[in-house]
Structure formats: C-alpha cells, structure tokens
Amino acid sequence: MNAPPGPERYAIGGVAPRAVFRPATAAEAAEALRAAARDGRTVVPWGGGVGLAGATAPPRYDLALDLTALDGIVAYEPDDLTLTAACGTTLAALRAATAAHGQEVPLEAAHAGRATLGGILAANASGPRRLRLGAPRDRVLGARFALGDGTLARSGGRVVKNVAGYALHRLLCGSRGGLGVLLEATIKLEPAPARRLALVFGTDARALGDAARWAALLALEPAALTVVGDGLAHELPVASPTDSCTLVVGLEDDAARVDQQAAALVRMLGEPDARLEDEAAADLWQALADLETRGQPPGAAARLTFTGARPAAALAPLLDAPGPRPAWLLHAPAGRLHVFPAAATVPDLTERLSHAGLVLVEAAGTPVPPAPLLPPPAAVLELRARIRTALDPAGTLAFGPAWERDV
Amino acid sequence: MDRTPAVLAELRALLGDDGVLDSEAARLAYESDALTLERGAPDVVVLPRTTDEVAALARWAAARGVPLTPRGAGTGLAGGATPRHGGLLLVTSRMDRLLALDAERRCAWVQPGLVNARLSELAAPHGLMFAPDPSSQPVSTLGGNVAANAGGPHCLKHGVTANHVLGLVTVLGDGAVVTLGGEALDAPGADLASVVTGSEGTMGILCELCLRLVPAPESVHTMSLDFASVEDACRTVSAVIAAGIVPAAMELMDRQTMEVVEQWLHLGLPLDAAAVLIIEVDGPAVSLPPQVERIGTIARAHGARSVRAAAGPAARAALWRGRKSSNGAYGRTGRVFHLMDGTVPRSRLAEATAAIYRLADERGLHAGVLMHAGDGNLHPKVLFDHDDLVAERAALEVAQDILRVCLRLGGTISGEHGIGLEKISLMRETFAPADLEVMRRLRGAFDPAERMNPGKILPAAEGTDS
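Residue numbers (our numbering), protein chains in the order written: chain A, 1 to 407; chain B, 1 to 466.
Here chain A stands alone, though its shape is the one from the complex (with noise of 0.2 Å):
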C-alpha cells in the first residue's frame, strides 16, 4: 500500500481528518469500518474528492477512507454492452477502456481524470447529457459495498434486466457516502454515437426569455442543451465573442440525424460561432461539466444546484435581478441550473428561484446549507432515520446525518 498524502489533503470545509487510511482491498476497507465502528469513530469515504471539496464539513470527521486504490476494470464485455469495475476506477480509465471498442461510460462528472466510479454514484454527478444518459441509478446494474459496520454485500448484478432482491445498488446513488462505501459497481454501456457535433451560439437575456424558442429547441431533441451565463462563458474553451450568453447545443446520433438537426438549429438561429465535431465535442461536453466545481474550493463563490427548472420561466428571476448577477449555467433538457452566488446572497437566491418553481437539490461551498423552501415532512425524516440506523446502527459514516436531514 502507497502512503497516502496527510490528512490535511483530505479536508472537508476546511477540516481534516485525525487519520487516513488508503485500503488496497475491498476487505482492508471493510475492516477498517468494522474497526471504526467498534471505536465510535467517524469516517467519510472518499474518491477523486471532486464532490467533496465543495461540502459542508461533518459533525464529527475521524478517519478518511481513501479508496483510489481499489481501481481497474473487473469485467467488460463488448458484446454485452456492460462493464463491472472497482468504484476507485477513474472516468477517464473508464472512458478510456470503452472508447476502444466504440462504446461510451454514460456518466458524467467534473475532472473526469480525478472522479471516480463510486464518487460519481455517490453524488449522484450528471452533467450536460443528464436527460440522454439519464442518472447515475438509470445506468447501475449492481454493486458491491460495504455498511458502516463492516458488512460486505452486494446487490443487483452485472445483467441488464434484474429484479432479484432490493436495488440498493440504487439507493446508494446519490447517498453521498452516508449510508454505505461502494467498492464495486456495474454500469450498462452505450455504443458511442457515429457523430458528436457541438454548434455555439451567443445569446442574450431577450432570447433567453423566450419560452417558445426554448420549445423549438428542445423539440429537436439535443443530446445537450446549455446555456453559459454571465461572468462564466469566458471560462469556456469557445465562447461568443460579442454576447453576454453562450448556447451550445450538443447533438449525438448518426450523421444523417445529426446533418438534419444541425440545418434544422441554424435555420432557427442562424450561424453558430463555432462548430467542434467529435473528439472537440466531447471535450466541450466535459469542460461544461467541470465548470459545475468553478469557484472551489470554499472561499469563492458558493454553487446552488436547483432541479426541475422550465428554461425561460426558471432563468427569468436571475436575468431580471437588479444589481450584479451570479455566474450560472444551465443544461435546459434536464432542467438543471447551477448558480455560483456569493455567500451573502444564498438565502435571498436560494428563496426567489425556489419561488420559480425550481428544486433546490445541492448546495456546495455555503458553511451554513440554505433553508430550504420546504423542508422535508416529518415522516419521511423518521423513515430515512430508521433506514440509517439500520443499515448504519453505529453511526459509523459521517455524512448519515446529511443524508437523513437534508433536503
């Protein structure tokens, strides 16, 4: 086993650790929890620490379990469109191995060369392509994880269609290391499309407020759809030179399909800025995901992550603001809004878009998380809290408390 780096390379909100522990196998990483949990210490699972840069720091945070090691494939059948691989795996390992035999990893994450499998699961990471690719619990077949005790078990399996047992493999999605480890997932596949192409538009507050065009875009059923606000577009490799906004519209499938709506957008917008095909393509796709981490970590600006925003109607109470904007971007398909506020401004933000109609589901870099609009109801607390304390009755992982509380 490598000697991991200290623990202040493992700080959450500006709070390390007492100890880090790099297991080298799923059952290293197993005792170790079972010997937390024996010692009432707390212990937060990490991977590429791409999620966890921006989070509120835990009540109680004793041991980082670094499980970068337990990486590599473990099965990857071509001819079944699926691959098994240990949840330390990074993306672009993942990416890479596919790549090969024309198929694509349908996740998506910022720093694709430090995120990990199971970071990825467990935070629940999309990106532009979240309506296409679905989310991270769409593509996961089965895992293997470990409790805060030290259980090792698994659920699902490594075939397409299963419904045997309970799906923990997908509860664990999105639990943010507070309700089990994972150490081994199964991820269906897609073959990679014939033809990525990218057009970038500039755009402007007007045509941003434009339900119908908005309409006439998502009718064309774009892989990607993305809006980058101001004050962010010029972090882009391509940005509209002249614009305040940058559009791009990302399209995926057969050539003739792609040919067809790419003659269909620049008849709706006329001629893009730029165009990038293929591998440029997918490079813009990434570094729209990678900006969803702009600003950490904490110190800059605090990024609000709000779901189920209808583009014109949720855009309007940020476009229309007196004063200063944030830095936000938009991936329209899914309805999903990031927005990097300055500290002092999060309650304010976080209450006028919720009003919108839009679902507040991330908050990273605030040291306080906002209030939510409505707070989860009474039952469904008790319920998340009997769940955690049956599948962590010691307490043991240090984010349960997140898990069970937030909204």
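It is possible that part of the hints are untrue.
Label-pair distances were calculated between CB atoms; the ranges are [stated by the list, open to error]:
#1 T50/B x E382/A: 16 to 24 Å
#2 A309/B x E382/A: 54 to 62 Å
#3 A100/B x A212/A: 18 to 26 Å
#4 D348/A x D17/B: 52 to 60 Å
#5 L381/A x A124/B: 36 to 44 Å
#6 A117/B x T389/A: 37 to 45 Å
#7 G357/A x E259/B: 55 to 63 Å
#8 P289/B x A212/A: 49 to 57 Å
None of these hints come from the bench; they were simulated from the model. Every residue, glycine too, gets a C-beta built ideally from N, C-alpha and C.
Please build the complex by placing chain B on the supplied structure of chain A, with the hints as guidance.
Just chain B, lined up with the frame of chain A:
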C-alpha cells in the same frame, strides 16, 4: 384475522359498503395472481379510492396487527400479489385516475390502478408515451408495474420501469404518507423512490405515481428474420449490439413457440425455421433505413435465411400480436407449463438456450423458449400435462435447474417478473447470507412489523422457520 361483523363494519365505515368484499366467492377470486400454483385467500378484500383511504386502512391494519397485501390487476407471474398470510388484500382497481399530465415537463401523476396502456393513450395527443410495455399492458396496472419494476420488449432501448419513475406517494405500514421523489428529474435528498420501485409491495402501498413520459418516436420499422438454428439467432443479437445499434426491441421465438402461436392465430410464421427474431428500430425517420439495412447485413452474415420488413402498420401489428400472444397460445394448448424469467449476459444466450433444451430433454419434457433477446432475458416454458404428477415434479426441477444455469452463466433468476413467492427458494443461491441480511435490515426500516405483503422476496433468516 377474524371476519367478525364488528371488523367488517369498521372497514365499511372507512370505505363504504361497496369497498369491502368478504364473500367466499370474492375471497377465492383473489386467492392468487397469474401464478396459480401458489394460493392463499385473503380474509377481506378492500377497494379504496384515495390515498387517504389507503392510509386509513394501513392505520387500521397496524392497530390490529393485520397483514396488508397490495394487488393491481393480478397479472403478476411470481405470486407477489397472493396473500400468503391472509389479512387484507388491497386491490387498487378503483384508484384508476390520471391525476395530472404535464406535457412540457413530460411527466404524469397517476393513481396506481390506472392501466399501463391507458397512460400511453392519454399521452398520445401530446406526442408522448409511457415507454415500459410488459406484455400484460392492456390490463396490468401502473402501480403493479412499478412495484414489480416491470420490463417489456421495448426496455432494450427505453429502459425498465425504474428508469421511468420520478416520484411516489407511498403509504407505509403504520399509515404514514410519504412523498418520495417528485416531478423533477433529480429529487432533493435521499432517493428512496428508486429502491421502493421493484420492492413488490413490501415497503409500502404506492398511491400516487409520478411517471416519466417520453416522446413517441417519429418512425418505427419492424422486421422479422428467420434462422435455421437458435444459436444463429442469438449470435445475431449479440452482433447487432456489438455493432453499436440498440434497437427498440429484439425478441426471439423458437419453433415450439411459433407452432403454438400459429395454431391459434394463423399469422404465417415460418414453421420450418428454428427461431424467428423480431427486431424493431424506432427514432427519427432519417436514421432508420440505414439501421434496417445494417441489421439485415449482420443477420445474413450470421445465417439468417430471410429478412423481411413489416410492410405497414397492419403487418407490424401482426408480428407483435404473435409475440405478445405467446403465453396465451401456450395456455390454449391445454397443457400446463412452468414459465421462467431468467436473465443471462446477452453473449451467453445461445449457451443458455442449449442448456434449456438439454435439461428438458433429459427428463423427457418439452420446452419452448421466448426471449427478450436484446436484454438477455429468457422466458422458457417447460410443459407437462395436468394430471401427470411425475411430469409436473420433473418440470419444476427442470425450471429450477434452468435458473441455476442462468446464475452460473453470470445472470440472475428474474429479469422482470419478480421474486414473489415463486423464487424465494432460489434467493439463497442468488445472494450470499450477508446480502440477504442487509436486505432484511432495509425492509425492517420500512416495515418493522413485517406486515406489508409478508412472506415475499426474502427467505426467512437462517435458523428460523420459513
């Protein structure tokens, strides 16, 4: 539970007189779902109309320690809706309303008793559809589909039911009403709807469902391909997937299945072939002709004797009628059969099929195979005669051995029908004791008293009576 006048009066006070059935005839009518080998009559059948009524029933049952088993249309093939321990059978047939349809956000709120096919009919004017299409869809309910995480031929491209569930208003065993998930693609907080989906009524009663709708495809092409061997057909399936084409559906019928379907429906199936594949592609009109051509080329290279495109909607409907009628066709033969639902990796289909024929043959039995080949999901049927007890026992053993072959090939014992009562005995061969113990812990969090559809999915813990 006792069916005393006082008990019945309490239930009628909750639901009205027409919401409570306690006659011998009614109780026997509900003693099993479509798995008729397992039976267990409920003490009382209740038919609520609203979430509030379900919550009231759950509180009533909790206060008396009475088991509560939900049931939709009863088309389940694993005994999931059979009330093994009596108590209340909660039938959702009167909870059959569409509550809201939001075409812009592509979702619909429905009550659990709404029939699957009806939702797609209601969504059609908006250019949308509900994608999961189990063969039972003309009668099976959406609540049952979600509880079972149902599949269907078109899951190959569009995903299983779990991929189409956004939110679930669920009544827990203690009567608490919880909203899990919501209309947005990613709900805030813990994702409990994803694990309640497929839990076969053991975690709660689904009362209001928010389901994803998807755009109806612009165009559809359906083709039928026939093969001199099942192996060639299976290899074609793998080759199509490996070539980067994900059709909407790839369905395989073997000769035995074609024969029984043909005797009934006279569709002109190629009875001299060992297997026929139905492959359907859907999507943008511009994309499909090249896909059809590539599939034809791949199939011929793998031994397809003929590749025929359905010439229009009527021909397409006939192909699907043949496929979706096969269970009924077997039923019409007057023989009984065990129907299995194993899944293997797609690349092992040929191997699995050969094992099915061999295992049946060794016991002197006939087997027919139908499969959602694109998903690796096999539905073999092992046939026997009504009064032949020896053959019946042999068929059951063959069925279990077939599922063991699926496990050995890296697959599982159920792709879409569920565990219910039927496959509990194989759960210990599918999962390790620790896996099952974790599942028990999770179930206990939802239903500490184990009164929600008791006796399903999980075998009793080691060392206790089952």
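Hint by hint, here is what the structure shows:
1. T50/B x E382/A: 16 to 24 Å: Given range 16 to 24 Å: holds, Cβ gap about 23 Å.
2. A309/B x E382/A: 54 to 62 Å: holds, 57 Å
3. A100/B x A212/A: 18 to 26 Å: holds, 23 Å
4. D348/A x D17/B: 52 to 60 Å: This hint holds: roughly 55 Å between Cβ atoms.
5. L381/A x A124/B: 36 to 44 Å: holds, 40 Å
6. A117/B x T389/A: 37 to 45 Å: holds, 42 Å
7. G357/A x E259/B: 55 to 63 Å: holds, 56 Å
8. P289/B x A212/A: 49 to 57 Å: violated, 32 Å
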